[in-house]
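Chemist: Sequence order for the protein chains is A and B. Numbering-wise, the working numbering comes out as the position in the first sequence, counting from 1, plus 36. Numbering-wise, the working numbering comes out as the position in the second sequence, counting from 1, plus 6.
Hints listed in this document are in silico derivations from the structure and should not be mistaken for laboratory results. By construction, the Cβ of each residue, glycine as well, lies at the ideal position given by its N, Cα and C atoms. Some hints here could point you the wrong way.
Said to hold, decoys possible - Derived Cβ-Cβ restraints for the label pairs, each shown as a range: (1) B/W341 / A/C44: 52 to 62 angstroms; (2) A/E48 / B/A18: 53 to 63 angstroms; (3) A/G45 / B/R336: 28 to 38 angstroms; (4) B/R144 / A/S112: 49 to 59 angstroms.
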Amino acid sequence: MRIVCPFCGERELGEFTYLGDAKPQRPAADAGEDAVYDYVYLRDNIAGVMSEHWYHGGGCRAWLKVTRNTLTHEISAVEPAAGAGAAKVGA
Amino acid sequence: MKYSIFSLARAALSGHKNWKPTWRDAAPKDRYDVVIIGGGGHGLATAWFLASEFGIRNVAVLEKGWIGSGNAGRNTTIIRSNYGLPGNTGFYELSMKLWERMEQDLNYNAMVSQRGVINLYHSDAQRDAYARRGNTMRINGIDAELLDQAALKKMMPFLNFDHARFPVQGGLLQRRGGTARHDAVVWGYAHAASELGVDIIQNCEVTGFTRDANGKVTGVETSRGKIGAGKVGMAVAGSSSRVAAMAGLRLPIESHVLQAFVSEAIKPLLPNVMTFGAGHFYVSQSDKGGLVFGGDIDGYNSYAQRGNLPVVEDVCEGGMALIPMIGRVRLLRQWGGIMDMSMDGTPIIDKSPVDGLYINAGWCYGGFKATPGSGLVFAHLLARDESHKEAALFRLDRFQRGAMIDEKGQGAQPNLH
Numbered sequence: 037m038r039i040v041c042p043f044c045g046e047r048e049l050g051e052f053t054y055l056g057d058a059k060p061q062r063p064a065a066d067a068g069e070d071a072v073y074d075y076v077y078l079r080d081n082i083a084g085v086m087s088e089h090w091y092h093g094g095g096c097r098a099w100l101k102v103t104r105n106t107l108t109h110e111i112s113a114v115e116p117a118a119g120a121g122a123a124k125v126g127a
Numbered sequence: 007m008k009y010s011i012f013s014l015a016r017a018a019l020s021g022h023k024n025w026k027p028t029w030r031d032a033a034p035k036d037r038y039d040v041v042i043i044g045g046g047g048h049g050l051a052t053a054w055f056l057a058s059e060f061g062i063r064n065v066a067v068l069e070k071g072w073i074g075s076g077n078a079g080r081n082t083t084i085i086r087s088n089y090g091l092p093g094n095t096g097f098y099e100l101s102m103k104l105w106e107r108m109e110q111d112l113n114y115n116a117m118v119s120q121r122g123v124i125n126l127y128h129s130d131a132q133r134d135a136y137a138r139r140g141n142t143m144r145i146n147g148i149d150a151e152l153l154d155q156a157a158l159k160k161m162m163p164f165l166n167f168d169h170a171r172f173p174v175q176g177g178l179l180q181r182r183g184g185t186a187r188h189d190a191v192v193w194g195y196a197h198a199a200s201e202l203g204v205d206i207i208q209n210c211e212v213t214g215f216t217r218d219a220n221g222k223v224t225g226v227e228t229s230r231g232k233i234g235a236g237k238v239g240m241a242v243a244g245s246s247s248r249v250a251a252m253a254g255l256r257l258p259i260e261s262h263v264l265q266a267f268v269s270e271a272i273k274p275l276l277p278n279v280m281t282f283g284a285g286h287f288y289v290s291q292s293d294k295g296g297l298v299f300g301g302d303i304d305g306y307n308s309y310a311q312r313g314n315l316p317v318v319e320d321v322c323e324g325g326m327a328l329i330p331m332i333g334r335v336r337l338l339r340q341w342g343g344i345m346d347m348s349m350d351g352t353p354i355i356d357k358s359p360v361d362g363l364y365i366n367a368g369w370c371y372g373g374f375k376a377t378p379g380s381g382l383v384f385a386h387l388l389a390r391d392e393s394h395k396e397a398a399l400f401r402l403d404r405f406q407r408g409a410m411i412d413e414k415g416q417g418a419q420p421n422l423h
């Protein structure tokens, strides 16, 4: 598996760190315990195409949103993660 | 058939032409009291305990491939009970005790070998942490010995004791730990369960649940037709989220790939199972002579049953740091299995929120050693509708209650457990 970083180009997997599914959104502070439980602990654990957060610590140190198939490891898209510094100034 | 020295002699004298199949490959009936999804070690052990301990023999085990084709046939075969947290300590010792009598219970040679498990320490702080774990084990009636460097040098003179960064100072030894022949464990449970009337049904993939008007699970839909069930238990490891999703459930689990490795066969070298305390590397030597070893999971969600090269490199570096001479041994094979990584690194054995569906999941990469214990406590839950006392903390709602059992203290990040 290699990831084509939008800033650095194609790099080997060892440069990246995995966070997980990009779908869970931090609930509002007053959303209640169930919403927090859902966000922190429950996962769709998709078998198929999934959006994920990866960190390019061995390169540009940007957070990336990677679209990857968990059944085949095929990567179909890589973009700067929304809200991360690099995305704010434009890739 | 019953195996003994006489059956072996009889078969040998007749040219080994009259062996009967070890277990019965069954076709599905319309209905069972209990249907177990997953024909791995845990599912088959559950069926055997249901039949032998709890008198429930109208049981089917459904396997989408062939039995033992998942993680039961892909692990590094280590058995041990050196856990430190309440919940884990007692459960894994229950499992260890069942390993010690498994072959007699099942009338099957599972090649259980209590050759000892040593966790090496490389600093004073790590020694203290291991001493504490050893004490926890001993006050719970489990064997543990803290070895110093001199004792280790007698046992394994080839270790890299004077490593500049991670000198081997000593280790925590559990002599009763060791290995078992993983395929034989599967076949042994299949053999004994089948003898008691359990139907083992292969190439039977569950595609959905049938439910009544109240939402209670009444059976499963499979690639071989509908099968009715009084209760359904799932023991499907890396596929837990997929099966649970068919019942509308989301689990606190991510599926990750763990790789394992075996070297070419060499003469007897390692007397026991050993773990590197400064990296993640564990190794034993199989009876065929190959070094069987592994390390970290790859770290990303995967259902692919194969991993990537950075982990191969990392694991081999761990091995080289500990036993420099294994650099001259060639790697023979490497493969991957899909781990059901839970959010606190501890399994879930509980009723699900869906009536009639029971969950046995979240084994992370510790499932093999738990096989007999998991079977017993899951059968207990299915038969009596209440948790076995040694599994009473493995509840699904513990994340909501803040009652996690996080042996490594990593928090809700499955790829770190």
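Chemist: A separate judgement is required for each hint: does it hold in the structure or not?
Modeler: Hints versus structure:
1. B/W341 / A/C44: 52 to 62 angstroms: violated, 31 angstroms
2. A/E48 / B/A18: 53 to 63 angstroms: Since the Cβ atoms of A/E48 and B/A18 sit about 54 angstroms apart, the hinted range of 53 to 63 angstroms holds.
3. A/G45 / B/R336: 28 to 38 angstroms: Holds, at about 34 angstroms.
4. B/R144 / A/S112: 49 to 59 angstroms: holds, 53 angstroms
In summary, the structure is inconsistent with hint 1 from the numbered list given earlier, while agreeing with all the others.
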